[in-house]
Amino acid sequence: DQQVKQNSPSLSVQEGRISILNCDYTNSMFDYFLWYKKYPAEGPTFLISISSIKDKNEDGRFTVFLNKSAKHLSLHIVPSQPGDSAVYFCAASDSNYQLIWGAGTKLIIKP
Amino acid sequence: NAGVTQTPKFQVLKTGQSMTLQCAQDMNHEYMSWYRQDPGMGLRLIHYSVGAGITDQGEVPNGYNVSRSTTEDFPLRLLSAAPSQTSVYFCASSYSVAERDTGELFFGEGSRLTVL
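Chains B and P, in that order, are what the protein sequence lines are.
Sequential numbering of the first sequence, starting at 1, is according to the numbering used here.
Sequential numbering of the second sequence, starting at 1001, is according to the numbering used here.
There's no promise every hint is true.
What the hints assert, rightly or not - Partial list, derived from the structure: chain B residues whose beta carbon lies under 8 Å from chain P: (1) HIS76; (2) TRP101; (3) ALA103.
No lab work stands behind these hints, which were simulated from the structure alone.
Predicted model only: the values in this text are computed from it and were never measured.
We treat Cβ as the ideally placed atom computed from N, Cα and C, and that holds for glycine.
Can you build the whole structure from these sequences, using the hints too?
Okay, here's the thing in structure tokens:
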């Protein structure tokens, strides 16, 4: 059973608009959450993270929101740019300090 | 800036053959790990190491061996390849165990393995 789920395999957004990528988790013991970005033929690269003691973290155009009661986190990209087209993975750190990954959402930014 | 280097990038094997995926990092990172990525699934941890001479199993270790004789290198060995091991393999590292705990990993470009 997947502990970290990204239910949207793909998302298409107009350039300049907001992109919202969602991630749900089932394990209430997760205490750290991360987003990674992956371009084709490259490895994932770290984007932004959030500790479970916070509900929001910002870094430039990227903001991650955490709703612990709903076991839900989201990544907001504002404004969306063509270079943001990539696969986005959310991941959570469990009590064994290992990362559990979602299956990814492919974001397509339309010009 | 080499970062994390994986070789080969592509490999085709026949069932039963063995091979080694190489991983090297030049950032003096303590923590190194191997993941596999399959369609429709998240990355899954195969093996990891918190320092030279120390290795441990991840979520899906069966059919794979690792060793960590130096800080820089962390090879992944497939002992007897099976079609179920067809996947994209990623090596990742982080500076310290503490950073590993927060999950900020540096990844190689991946190795695509096909087992016929």
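Evaluation of the provided hints:
1. Using the Cβ-Cβ criterion of 8 Å, the hint placing B/HIS76 at the interface with chain P is not satisfied: the shortest such distance is roughly 20 Å.
2. Nearest Cβ of chain P to the Cβ of B/TRP101: about 3 Å, under the 8 Å cut. The hint holds.
3. Below 8 Å, beta-carbon pairs count as interface contacts, and B/ALA103 has one with chain P at about 5 Å; its hint therefore holds.
Checked against the numbered hints listed earlier, the structure breaks hint 1 alone; every other hint is satisfied.
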